[in-house]
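Number of protein chains: 2
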Amino acid sequence: MTYIIGIDAGGTKTNAIIMDRQKNILFSVEVGFGNLQVDFQEASCHIWKAITKCLGSIYGERCKVIVAGIAGIEAKNHRVRLERFLRERTLLPIILVNDAILAYHAMLGNEDGVLTIAGTGSISYGRNGDKEGYTGGWGHLLGDEGSSYHVVMQAFRKITAEADQACPHSSLSRVLLHEISAKRAEEIKEFIYQANKGEIAALSVVVFSEAVKGDQEAREHFYRAGQELAKQTARLYHKLQLARPLKLASKGSLLEKNLYVQSEYEKVLSSMVGDVEWIRDEKNVSATGALSLASHYIEEE
Amino acid sequence: MTYIIGIDAGGTKTNAIIMDRQKNILFSVEVGFGNLQVDFQEASCHIWKAITKCLGSIYGERCKVIVAGIAGIEAKNHRVRLERFLRERTLLPIILVNDAILAYHAMLGNEDGVLTIAGTGSISYGRNGDKEGYTGGWGHLLGDEGSSYHVVMQAFRKITAEADQACPHSSLSRVLLHEISAKRAEEIKEFIYQANKGEIAALSVVVFSEAVKGDQEAREHFYRAGQELAKQTARLYHKLQLARPLKLASKGSLLEKNLYVQSEYEKVLSSMVGDVEWIRDEKNVSATGALSLASHYIEEE
Numbered sequence: 001m002t003y004i005i006g007i008d009a010g011g012t013k014t015n016a017i018i019m020d021r022q023k024n025i026l027f028s029v030e031v032g033f034g035n036l037q038v039d040f041q042e043a044s045c046h047i048w049k050a051i052t053k054c055l056g057s058i059y060g061e062r063c064k065v066i067v068a069g070i071a072g073i074e075a076k077n078h079r080v081r082l083e084r085f086l087r088e089r090t091l092l093p094i095i096l097v098n099d100a101i102l103a104y105h106a107m108l109g110n111e112d113g114v115l116t117i118a119g120t121g122s123i124s125y126g127r128n129g130d131k132e133g134y135t136g137g138w139g140h141l142l143g144d145e146g147s148s149y150h151v152v153m154q155a156f157r158k159i160t161a162e163a164d165q166a167c168p169h170s171s172l173s174r175v176l177l178h179e180i181s182a183k184r185a186e187e188i189k190e191f192i193y194q195a196n197k198g199e200i201a202a203l204s205v206v207v208f209s210e211a212v213k214g215d216q217e218a219r220e221h222f223y224r225a226g227q228e229l230a231k232q233t234a235r236l237y238h239k240l241q242l243a244r245p246l247k248l249a250s251k252g253s254l255l256e257k258n259l260y261v262q263s264e265y266e267k268v269l270s271s272m273v274g275d276v277e278w279i280r281d282e283k284n285v286s287a288t289g290a291l292s293l294a295s296h297y298i299e300e301e
Numbered sequence: 001m002t003y004i005i006g007i008d009a010g011g012t013k014t015n016a017i018i019m020d021r022q023k024n025i026l027f028s029v030e031v032g033f034g035n036l037q038v039d040f041q042e043a044s045c046h047i048w049k050a051i052t053k054c055l056g057s058i059y060g061e062r063c064k065v066i067v068a069g070i071a072g073i074e075a076k077n078h079r080v081r082l083e084r085f086l087r088e089r090t091l092l093p094i095i096l097v098n099d100a101i102l103a104y105h106a107m108l109g110n111e112d113g114v115l116t117i118a119g120t121g122s123i124s125y126g127r128n129g130d131k132e133g134y135t136g137g138w139g140h141l142l143g144d145e146g147s148s149y150h151v152v153m154q155a156f157r158k159i160t161a162e163a164d165q166a167c168p169h170s171s172l173s174r175v176l177l178h179e180i181s182a183k184r185a186e187e188i189k190e191f192i193y194q195a196n197k198g199e200i201a202a203l204s205v206v207v208f209s210e211a212v213k214g215d216q217e218a219r220e221h222f223y224r225a226g227q228e229l230a231k232q233t234a235r236l237y238h239k240l241q242l243a244r245p246l247k248l249a250s251k252g253s254l255l256e257k258n259l260y261v262q263s264e265y266e267k268v269l270s271s272m273v274g275d276v277e278w279i280r281d282e283k284n285v286s287a288t289g290a291l292s293l294a295s296h297y298i299e300e301e
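Chains as they are written, first to last, in UniProt numbering: chain A, 1 to 301; chain B, 1 to 301.
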């Protein structure tokens, strides 16, 4: 019996599993973030740590292929660098894909549709027969609307606007200033330009907790994120000329755990593309997408 | 006779001068960028290089104080690091200020008013008696609307929007893709996340040259920059409760050399704050602001 190592490397954690060809998970491990955009060196060490834990398990010897879905792999020269990094450490065949493709295969397998992810960053990936494509996924400087990073930055930009207009800070602004131990708006510059993308995105839990307490401004940030994600999804639906009903899956903290983003996303998307067939599987593990990807790539080779 | 060293450290170059107390420039030198946000290490080396050239000149021995206006000094822990860096190298008293304050003193001396700078980044600095304040100047992640960096990023975001909507690229988009040797929109990610802020901002000359050739989209980017800068200036005018007519000076490539930004800025600002007294002095050297700053600080001490 041969096994597959599947790795899902995201902005907060890296999950690695060993599974058989029937999609049974035999072993699972979780280590630190694997998004190469957050910090290439640390992320690749986390990814390798996850692989060694798999290879060191009692199933290790039977693992014949590694399929990894890596956030941020398309930016800079990350793919080439990570491939080299892993090649120096193992002889196993390695398939490196965008984390969105891995999650797509976990949720939709070989069916046509769209998967939208909204975590630290945001991206939609979809397929229609032989066609595949993305919308979003441009990273924090060019886009990432609808992501945790973007929500937090919008809240911080509100603080800068209040300072420029000499308005009193809103309740949400005061909470965020307090959270980063800043007394004056000017001090947010120090925080923003020293923090990494993941640290900034992580503050979305503060915005969320204010939204739950009833803060309207906090809720608006999430509603806008839901609208942005719906537009991004609809653009891919049109670009790939997908049939109705659209088969749609979603992943990431904002779309899985945030009611404000979720409800607005579903509402706006339905109004834009009509019938949607929601693929829901709350226990779904993205790393299991490795199975359909491995067979796909192995058959092709 | 004692002399003053004045340094203006910006996103593209660092200008250092030696002047006497009558504002006569005795010596002048230009080296590479001094904006600490672009690259702290390189910028501080450029600044030190400019100082050593001054000290090594025949006027060097008579220089008694260094006044430096440094872009990006308020971000991160830049001020503390640069102070330490310079302290290790010279015993001369050093006054470090934001580059906007230096330019303000060069243009407006001790008068009340506003100076708006739009180069790589953008900021407005103003004074009204004992009150002083800023609007803008939040850096490329939090703001910098109306700056070269922002103009270029807006043009790149248009490319991402075209890709997501499967629209053909506009003429300006094609020119920019060609400029960075990219064949597909996806390749701009590699460029944007590898380039520094100065390299991205430098592409505004490409946008400008298209605007001059008649490209409407390129012109619109600059008109919007002019509008943003006018709003930023008007916000400071209100915040400092300045009297009419507003004494106003401007600096930086977009406001000094770009007709589209300039004309829109003047038009929109006049409509927002009424009478404006434009302080124009095209030959003005920002570094000469060191004189009024030095006397100001020395008198206080």
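Since the hints were made in silico from the structure, they are not lab data. Be aware that a few hints might be false.
One copy or two, it doesn't matter: identical chains are merged, so the pair holds either way.
Only pairs whose alpha carbons sit at most 25 Å apart, straight line, appear in this in silico SDA-like list of lysine to any residue [as the list claims (entries may be wrong)]:
no., residue 1, residue 2
1, K49, F85
2, K131, Y223
3, K257, R89
4, K13, Y193
No experiment lies behind these values; they were computed from the predicted model shown.
Tested hints:
1. K49 x F85: Answer is within; shortest intra-copy Cα gap is 12 Å, inter-copy 39 Å.
2. K131 x Y223: Neither: 31 Å inside a copy, 39 Å across copies.
3. K257 x R89: neither (37 Å within a copy, 55 Å between copies)
4. K13 x Y193: both (23 Å within a copy, 22 Å between copies)
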